[in-house]
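Given the sequences, and given the hints that come with them, work out the whole structure.
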Amino acid sequence: KSGCYANTNMRLKLPITCFILEIILIILFGVLVEYDEETDAKKWHHSNHSQYDNDFYYRYPSFQDVHVMIFIGFGFLMTFLQRYGFSSVGFNFLIAAFALQWATLMQGFFHGMHGGKIHVGVESMINADFCTGSVLISFGAVLGKTSPVQLLVMAVFEVTLFAVNEFILLSILGTKDAGGSMTIHTFGAYFGLMVTRVLYRPNLDKSKHKNSSVYHSDLFAMIGTLYLWMFWPSFNSAITAHGDDQHRTALNTYYSLAACTLSTYAMSALTAHDGKLDMVHIQNAALAGGVAAGTAGEMMLTPFGSMIVGFLAGIISVLGYKYLSPILESKLKIQDTCGIHNLHGMPGVMGAIVGAVTASLATIEIYEVFPDVADNKRTASYQGAIQAISLAVTLGFALVGGLLVGFIMKLPIFGAPSDASCFEDSIYWEVPGDEGSHEGQLTTVKTEEFAKPEETEKLN
Amino acid sequence: KSGCYANTNMRLKLPITCFILEIILIILFGVLVEYDEETDAKKWHHSNHSQYDNDFYYRYPSFQDVHVMIFIGFGFLMTFLQRYGFSSVGFNFLIAAFALQWATLMQGFFHGMHGGKIHVGVESMINADFCTGSVLISFGAVLGKTSPVQLLVMAVFEVTLFAVNEFILLSILGTKDAGGSMTIHTFGAYFGLMVTRVLYRPNLDKSKHKNSSVYHSDLFAMIGTLYLWMFWPSFNSAITAHGDDQHRTALNTYYSLAACTLSTYAMSALTAHDGKLDMVHIQNAALAGGVAAGTAGEMMLTPFGSMIVGFLAGIISVLGYKYLSPILESKLKIQDTCGIHNLHGMPGVMGAIVGAVTASLATIEIYEVFPDVADNKRTASYQGAIQAISLAVTLGFALVGGLLVGFIMKLPIFGAPSDASCFEDSIYWEVPGDEGSHEGQLTTVKTEEFAKPEETEKLN
Amino acid sequence: KSGCYANTNMRLKLPITCFILEIILIILFGVLVEYDEETDAKKWHHSNHSQYDNDFYYRYPSFQDVHVMIFIGFGFLMTFLQRYGFSSVGFNFLIAAFALQWATLMQGFFHGMHGGKIHVGVESMINADFCTGSVLISFGAVLGKTSPVQLLVMAVFEVTLFAVNEFILLSILGTKDAGGSMTIHTFGAYFGLMVTRVLYRPNLDKSKHKNSSVYHSDLFAMIGTLYLWMFWPSFNSAITAHGDDQHRTALNTYYSLAACTLSTYAMSALTAHDGKLDMVHIQNAALAGGVAAGTAGEMMLTPFGSMIVGFLAGIISVLGYKYLSPILESKLKIQDTCGIHNLHGMPGVMGAIVGAVTASLATIEIYEVFPDVADNKRTASYQGAIQAISLAVTLGFALVGGLLVGFIMKLPIFGAPSDASCFEDSIYWEVPGDEGSHEGQLTTVKTEEFAKPEETEKLN
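Residue numbers (my numbering), protein chains in the order written: chain A, 9 to 468; chain B, 9 to 468; chain C, 9 to 468.
Derived by calculation from the structure, the hints in this document are not laboratory data.
Heads up, a few of these hints could be off.
One copy or two, either will do: identical chains are not told apart, so a pair holds if it fits within one copy or between any two.
[As the list claims (entries may be wrong)] Calculated lysine to aspartate or glutamate pairs in the EDC-like style (CA-CA distance at most 20 Å, straight line): (1) 125 <-> 42; (2) 51 <-> 131; (3) 330 <-> 438; (4) 216 <-> 438; (5) 218 <-> 438; (6) 341 <-> 42; (7) 218 <-> 337; (8) 50 <-> 337.
This one's a predicted model, so the numbers in the text were calculated from it and none came from an experiment.
So this is what it looks like as structure tokens:
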């Protein structure tokens, strides 16, 4: 029994993984990465620009909003678990800091090479944060059940596959997906669901009592929810074209989210026990409107269309939490801690379909959004078909990729926690006691018992 | 007795209200709303603009700051109550998401119509958030004592009256009030005070023990306070004219708030028990400087003038919390949970007066702020008189409106909580237990007893 | 014994200090401060600018990010203490609100005078927030052991010395230090360390049990950490030159922080007990990469160089927390509550050295960063030497200044808390009980016993 726990000790595993990964990153950055035209002193000054033409002023405020979503939004959204707050926000921090560096290389390799060098600037920063978001979505499915080393391994492969899928969609097929309904949400969700399927734990009910929230942990999670909700208009518009495109995308997303919030509250009260609102729904389903507007948000969706999309997304998402998640767990053995299928999976697919339909209805007036349509290289319905094909490609990459990466993550060397230690910070963190909390103290004592074997053995 | 409680069940009331409201919104948006010149692909591209001229780049960062104030600022400011955090942040979220959509229609109807259509863009988004802020101020007065359905009903009417009052001030009278000392703060405060007066509960002391904070709930509230404080310069400058006006307004507000903070700490230590600081004062009165600079902030108030305004606002606000609020409750039967009279009411009136005085002292140099003064259509003192009249109009609308809407909200069908269930999340939310908190568990048990009648009857 | 405690009563001390300081500020602002060309209605309109040329649009989003770092970042980072959250975030708020006003005057006096007047605008706001940051760093060293009056006294003197040191570096020596590795971090850290050395308490172990975190206080602290981490690119780039400089600085800092995060996690697991991560390291050392990129961030450091800097900064910082801090306390009697030596001291010195080396390697291509080098007035190696001399000057100012100011703060009239009352909110704040927390209630009772003498005497 003790050998089983000894594996979870991170004293060498985590440092070795982090150091190797970071040193590889530094070497590759040294060889491959250079400033782009807008960050390089010489290049920028030799060109005859007004300072304002620097893309920094068009995109940096949006970048910072996205950055907050990645670190505070995703990080705190997952702090709802009573005894996994350190890991939620802390592992989110770690894998995001890794993934954004790795994504810069992978995405740059596929569509940022200039004379053998990867060019970086504010747009690459946004794209790297986007790719990171996809990894964090997958993290939500396995939250509480994986070691930080497993998560870093997942990030290495998921970022790579993300970059390939994104390259096929955006560069080869000419798909439009500025807010990432497909590339970020659908991909991240189905990848993560497949990973958690492979990592299925039949005896997870051993830690069932910890897989729930306490009063203040739900309030911490609301910080994450609200930052995601507020900044989603910036997320969807961060890399759309300058001018009306950024403006329109932000506006559409704003209305989609507002409508989604009302349908979420309605459905939560309607479906939950005794007419009482369920924090899980509010924290998650109210965001589905942002996901569902990810593809069509930059198009001429209109506020009216956006609100319909958001309204339906909220309904679908709550229904998913209430009725579909239990079935996925019992029938398909998919243990989805955060319910990413309801927040990112179904709304992502919905967003892809909305995008395909909207694209196929495009008229000449929205020429700039679809350059190939504007140039008469493509018909609108052809573009719509491309959008639909892109969804299928994304689902394929996500499911096959998640399957393979799940098996890699399953290797015992990566130190997955035991079933009884899931959803528990104290196997990875020095955890202080609670002020006057007797049960809390008891918990601490208990988990120290679990930890004992690690201390006596110190194998690795 | 049980019938009384049964009314509070939200299983059907809340979904029906949300669905009806959202469907009406969607239909009206479909009929009435279209993109403005800066968000519409065709219109923007046919005009010969630089991308940078798009108002998005002038105002979107300010919009996001305002957005954070509405959802995080107001939402978390109200989480100070020990057992009402879910409702504070959650109902704030719900009514704000509704109000911003409804405000877009109401404000657009009065001053955004173009050929029978309401035009939307970043400026309408900011204005809708502003109007929403006014509703959330009123929410502060009735916090803990109203059902979400009552709050939605309040929002429907308050937004409408806000838009009428705003139209009279800004479009008919030519009043300047960019930061909303009158239109937002004075209106929202006196409207809310009148509503809570109508909803007076003589036996509110039954839930007195829950109408207070615990240690960590006060820290959550400080998140709200600080975001309001930090972003208030963006709030006051969000819709002022481009260039020096936005710049100056932000600067003035920054100094007003800084000075207000020092006088707030001073007065709190001076008046509170034993020289100890009172979190209620710090969380609220330190913000009064932003309210009081709402009208004159865009004028040539100077940093010196701004600091005097903020300094006095902090003093007045703390004195209000300490001495006036108890009198309002005992003599005038105004139960003002958050003390909005001290944070928004008195400082709002003060801001209106400061604006009137500053306007009447305006010289030609500030022509752009007062176009009619610049064009010699008005004298400065005439503008000052208009500003003063606008305060009276606003107070009239707020008090009469609040009176009427209060009576509507009193209808039993909207499911107000019983006196003993006030300031208690568990009648509206699934509330998890506290980690090792015995009193917390007791509370949960008790409130489930309250909830029992609802379960057995399930009338509606 | 009671006399000792009576001194800590703030009923008159704090109000008198706040009122005197604020009134002096208001008078000096009235005499000395006026709008600059970009905030003054007359001046801006008489010049022939596009609205977009107003510096507001170049810098205000960065200003707001810095503002969040000052009030939320620093404030919540220090809430990790179990019973000092009100003071951490509340005193941070107070002294920051004071310091930014005072800094405007002091910095303006040295480098913002135009015809006898101090000009203010968005750049002075950023600089004032920067100077405030330095004071808050010093606050971290004495956290829990000083009264708010002592902190205000410290701020008065520290801001003044900061402005003098900054003037010598930037204006006389021509040093480059846009992100303040020297002027902000090194200065604030060594100043604070000297102050805490002078205020050494041999019997501080009396309050040792309160000098630690609880579960949720560590989560609150993570809010501070993440906002500092996310917005550090804005901090370092806030006052660099428009265009590629701002862009490049943000980019460099982003990579430095990401690399620093991985080395921090690695070192924390490697050095901490049993391979478990230590929240103290994650909350603090992961930020060292931002500090260390403060000087060289605007130079052509390259992403590669930035990552190396961040990587090493994280390692040094964790080692400092683990091994150096205990030695500083036991051997040098430096009680550094937040470990500012590890987060700001060593990484600040490192940043200064990196800046000196990078400057000395500068070629003509980065002419704009070093105007004197570009104009052939200086060689690159001369600039490098100047950078190194600046570090020595800063250390001198900080150490001598901290020594003198420490002795001033030691005067009994400023009401330092007793050894047993350190790290305890309840001597300065009305503190509510905890929900069902028995130990919490006990603590409250105990501290009320401490407070008794104050109540009976009420001397001042």
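Going through the hints against the structure:
1. Taking the closest pair of Cα atoms, residue 125 and residue 42 come within 20 Å of each other only inside a single copy of the chain (6 Å); across copies the shortest separation is 44 Å, beyond that limit.
2. In this assembly of identical chains, the alpha carbons of residue 51 and residue 131 lie at most 20 Å apart only when taken from the same copy (17 Å versus 27 Å across copies).
3. For the homomeric pair residue 330 and residue 438, the shortest alpha-carbon distance between copies (14 Å) is at most 20 Å, but the shortest distance inside one copy (35 Å) is not.
4. When the C-alpha separation of residue 216 and residue 438 is checked against a cutoff of 20 Å, the pair qualifies only between copies, where the shortest distance is 18 Å, while the shortest distance within a copy is 22 Å.
5. Both within a single protomer and between protomers do residue 218 and residue 438 lie at most 20 Å apart by alpha-carbon distance, with minima of 18 Å and 17 Å respectively.
6. For a Cα distance limit of 20 Å, the shortest separation of residue 341 from residue 42 qualifies neither inside one copy, at 46 Å, nor across copies, at 46 Å.
7. Taking the shortest alpha-carbon separations for residue 218 and residue 337, only the intra-copy value of 17 Å comes in at or below 20 Å, while the best inter-copy value is 39 Å.
8. In this homomeric assembly, residue 50 and residue 337 never come within 20 Å of each other (Cα to Cα): the closest approach is 57 Å inside a single copy and 48 Å across copies.
Checked against the numbered hints listed earlier, the structure breaks hints 6 and 8; every other hint is satisfied.
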